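S.K.: Work out the full structure: start from the sequences and follow the hints.
Those protein sequences? They're chains A and B, same order as listed.
Remember, the numbering used here sits 2 above the position in the first sequence when you count from 1.
Remember, the numbering used here sits 5 above the position in the second sequence when you count from 1.
Hints listed in this document are in silico derivations from the structure and should not be mistaken for laboratory results.
These numbers come from a predicted model, not from an experiment.
There may be inaccurate statements among the hints.
[What the hints assert, rightly or not] Per the computed footprint, the stretches of chain B lying under chain A, defined by three or more beta-carbons under 8 Å from a beta-carbon of chain A, are:
| no. | region |
| --- | --- |
| 1 | 60 to 74 |
| 2 | 357 to 371 |
| 3 | 379 to 385 |
| 4 | 389 to 397 |
[Said to hold, decoys possible] Below 30 Å or equal to it, Euclidean Cα-Cα: the simulated DSS-like pairs (lysine-lysine) are:
| no. | chain 1 | residue 1 | chain 2 | residue 2 |
| --- | --- | --- | --- | --- |
| 5 | B | Lys407 | A | Lys386 |
| 6 | A | Lys386 | A | Lys271 |
| 7 | B | Lys73 | A | Lys75 |
| 8 | A | Lys179 | A | Lys386 |
| 9 | A | Lys105 | A | Lys117 |
| 10 | B | Lys356 | A | Lys425 |
| 11 | A | Lys103 | A | Lys93 |
| 12 | B | Lys407 | A | Lys383 |
| 13 | A | Lys93 | A | Lys30 |
| 14 | A | Lys154 | A | Lys209 |
| 15 | A | Lys93 | A | Lys75 |
| 16 | A | Lys383 | B | Lys448 |
| 17 | A | Lys179 | A | Lys154 |
| 18 | A | Lys149 | A | Lys130 |
| 19 | A | Lys469 | A | Lys130 |
All residues carry an ideal CB built from backbone N, CA and C; glycine is no exception.
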Amino acid sequence: MADTDILETQTAATSSVAGIDQSVGDFKYDVKYDFDAGTGLSERTIHYISEVKKEAPWIHEFRLNALKTFLAKPLPTHWATRDLENINFDKIRYYLSQGTKPKRSWDEVPADIKKTFERLGIPEQERKFLAGVEAQFDSEAAYSNIKEVVAKQGVIFLNSSEALRTHPEIFRRWFGKVIPTGDNKFSALNSAVFSGGSFIYVPPGVKVAHPLQAYFRINAENFGQFERTLIIVDEGSEVTYMEGCTAPKFSTTTLHSAVVELVALKGAKIQYITVQNWAPNVFNLVTKRGLAHEEAEIKWIDCNIGSRLTIKYPGVVLRGRKSRGEVISIALANDGQHQDTGAKMVHAADETTSTIVAKSISVGQGRSTYRGLVHIPRHLKGCKNNTECDALLINTNSRTDTYPAITVRGQQHAAQHEASVSKVSEEMIFYMQSRGLTEAQAMSLAVNGFVNDLVRQFPMEYSVELKRLIDLEMEGSVG
Amino acid sequence: MSALPDIQTAAPNGAFTSEMLAAHLAALGHLPKWWLDLKREAWNRFAALPLPQRTNELWRFSNVTGLKLDGYTLPALADLKSQISNFKSPSAGAFPQAATLAFANNRALPGEALPADLREEGVIFEPIETALAGHADLFRQHFMAQPVNLGSEKFAALNAALTTSGAFLYVPRDVELAQPLVVTHVLAGAGSAVFPHTLVILGDNARATLVENFLSADPAEAGFVTGVNDLYAGPGAQLTYVGTQNWSPGTLAFQLNSTVVQRDARVLSLNLHLGGRQSRHESHSRLQGPGAYSEMLALTVAQGAQEFDQRTLQSHQVPNTGSNLLYKNVLLDQARTIFSGLIIVDPDAQKTDAYQSNRNLLLSDEAEANSLPGLEIQANDVRCTHGATSGHVDEEQMFYLKSRGITAAVARELLVFGFFEEVLNKLENEQLHAALRDLIQTKFTH
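M.R.: Structural data, given as structure tokens:
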């Protein structure tokens, strides 16, 4: 292992659930990396990554093809914000690690990295309420462990790079099937340089009682993190997966571009919870999609609080009869932030149903955008979609946009979309102030009330922290 | 007149060649030079702009491959009489009218002139070519003053370059017209291209209702249409505009509408879409004075392989304005509809109250409804909501009607009219309301 030069740039913060409190994440340690692919992206970068990871030839080939697709595709600025043009792909470092094998015990994790995760409270939460944890530091997982009871049920929970080596047969069967390389420019980028991320396989009939968690940490400046997550839940099984992420605030831009594929086989249930709290210099461009087989259910709970620009629309392809898809999306955009989030529902079988509930809050000059796609093709019957989007604007110059696209073919379906935009009512604030609350407290309470019905669906630890974070973001938003 | 180009050419401007423009201008030597210069400039814009691309968000879901411009021609005058002698198409007409204007193949036909008292009050209702010579200042101030910006800039330029027909209406301050004015545009002959242009200016507190009927002389003949329509309601004015589009089923049609609503003015526009093979309708309402209100309504019956492509924009540019959009589509057979609407609330346009709703009733397994209801809000003290639904007829209502001995086909028709009634009810003129119902009815009798 590398000798490390630990340099703490901030004093320790209070413990909190992974990634929710941004102030908790805003610190960095100087780490010396054993493996560094350098800056810029070329075939050499890919040769380097494949060599470090000792990858099979088919993966190497897959990466090279993806690179071609990435280079050939233009930035999607015909619909997305031109802020994307500010990403300088030649200045980014695509691979940084201290080694490719994650540790099974925190004692073995190098001191500098361990200290990072201790400060973020990860080992503590693992003891308290998680069935398994993976902690990724820049390009590779530093720690990955699953509780023995869960492992005994046959559940596989590994870092993706490891899973590619140890379970190539399951991995290869589903890898890139839900989100093909060419889905969009950033899924192609991820396919070219992916590293880390989680791999989960739940065998038939297993209900994993406690959530599995992954924690993603960017530590290095000018860095791009490209984790790849693949979750396969076999017939009749259930799993809940949670991810959190943080990075220190750098003056330069950082890129995070993940691909997450979920496969729910017949009757399976997957719940995927994200609390995104990247620092405000991070471009967060993520593709997430699930494939639901017959009577399966996939639910995305997606909270976006941090980052400079997030572009992310978790989706479900409802391939099996009576499958169900759900997206619950909460976004908070503060000054300088643009949360371009939403959902995609593709109905590809009879009697499939989907629900989208999106709530966004724009503070100061923050901009939140809902973008959605609902597709119900012909020759199907009994498909239903219900979409609700509510936007709350806090300041006079806050901004919100809504861009849904709904296609319904045939007369045997029902789709409905509703959206509203509002501000916090002055009477409500006045009432609370008359009861002794400050204006900021009242505003915070109103915002919490706005998202309360969604937050209640979160695991307890997350909902408490999310409320705290909203309080934090609302400080200084009034007056 | 230039010869028809080879159908095989892939030239983006198809039949619309510079020879066509030269011949067109040569016949307009009696008109002012500024008008001909304006047409040349418009032509240059048309020629320079590309045809819509599939990747253009403003054309999302549209069949852009259907927009080929080959094979059309500016119809010759000589053929007109025989073409409209066997006139078969229905239009909304059975209601009292103050005056009428009619145009066939870009040329004015005799109409019913304004009553003398209205003329004395200063009302102007005449073909644009007459108005641009006689009221040049007023005309130039408003002609295409509002840019077309919802995707069909190229076609708007083509209209300005080639238009010779359409109505100019000016109602001076405080003048109220009790009865509607009616404009009829007829397309005759296969391959004919027509370019209706409408310019309406209402002075302060003026009131008027304008009905425009667009139809083909023979439903069997396919043509090409690009219409442009500019409505301007001055402070306190009230304008009701009804457009009925019933082009032949093979026609490619663009209609590009712009509405400006000034302080305390109200505009209600209702567009009925029945005809055309592929028909695109763009409508942009600009609310420019406090208290301005725009009601945007549309009804569509989409049949066979028809595509109706509707794009709307509600621009709230100052505080205290309102708008309400309700677009209802009925889809049969393999028809497609696209509704793409946007409400933009500018920064500082506080106290905006805007609503947008698209309802699609699908009556066939092969029909397809696309909805893109959008919002862009940059002020916080606003009430903005939108909704879109796509669904089928209520089985219980159907069952009830059938149990009363009504056949399925008739029951379905009744439910369609029930679905449309919410929009038709917004018209205060009952005879006009009834005329529109009769016109819709023609789509259901074979």
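S.K.: Does each hint fit the structure? Answer for all of them.
M.R.: Structure-based check of all given hints:
Interface restraint, the region 60 to 74 of chain B with chain A: holds (5 residues with C-beta to C-beta distance below 8 Å; minimum three). As drawn, the region 357 to 371 of chain B meets chain A at 6 residues by the rule of a beta-carbon pair under 8 Å; at three or more, the given contact holds. Using a Cβ-Cβ cut-off of 8 Å, 7 residues of the region 379 to 385 of chain B lie near chain A, which meets the minimum of three, so the contact claim holds. Look at the region 389 to 397 of chain B against chain A: 9 of its residues bring a Cβ nearer than 8 Å to a Cβ of that chain, three or more, so the hint holds.
For the hint pairing Lys407/B with Lys386/A, the CA-to-CA distance comes to about 26 Å; that is within 30 Å, so the pair holds. At roughly 19 Å between alpha-carbon atoms, Lys386/A and Lys271/A fall within 30 Å of each other, so this suggested pair holds. For a cut-off of 30 Å, the pair hint linking Lys73/B to Lys75/A stands: about 28 Å separates their Cα positions. For the given pair, Lys179/A sits about 25 Å from Lys386/A by alpha-carbon distance, which is consistent with the 30 Å threshold.
Taking the CA atoms of Lys105/A and Lys117/A, the gap is near 14 Å; set against the 30 Å cutoff, the hint holds. Between Lys356/B and Lys425/A the alpha-carbon distance is near 11 Å, which keeps this suggested pair within the 30 Å criterion. For the proposed pair Lys103/A and Lys93/A, the alpha carbon gap of about 27 Å is at most 30 Å, so the pair holds. Distance hint between Lys407/B and Lys383/A is fulfilled; the C-alpha atoms sit about 23 Å from each other, no more than 30 Å.
Among the hinted pairs, Lys93/A with Lys30/A is consistent with the structure: their alpha-carbon atoms are about 20 Å apart, no more than 30 Å. Between the alpha carbons of Lys154/A and Lys209/A the distance comes to roughly 13 Å, so the proposed pair stays at or under 30 Å and holds. Pair hint Lys93/A plus Lys75/A holds up; C-alpha atoms about 19 Å apart against a cutoff of 30 Å. About 27 Å separates the Cα atoms of Lys383/A and Lys448/B, which keeps this hinted pair within 30 Å; it holds.
Of the pairs offered as hints, the one joining Lys179/A and Lys154/A holds, with about 28 Å between alpha carbons and a cut-off of 30 Å not exceeded. For the proposed pair Lys149/A and Lys130/A, the alpha carbon gap of about 12 Å is at most 30 Å, so the pair holds. About 20 Å separates the Cα atoms of Lys469/A and Lys130/A, which keeps this hinted pair within 30 Å; it holds.
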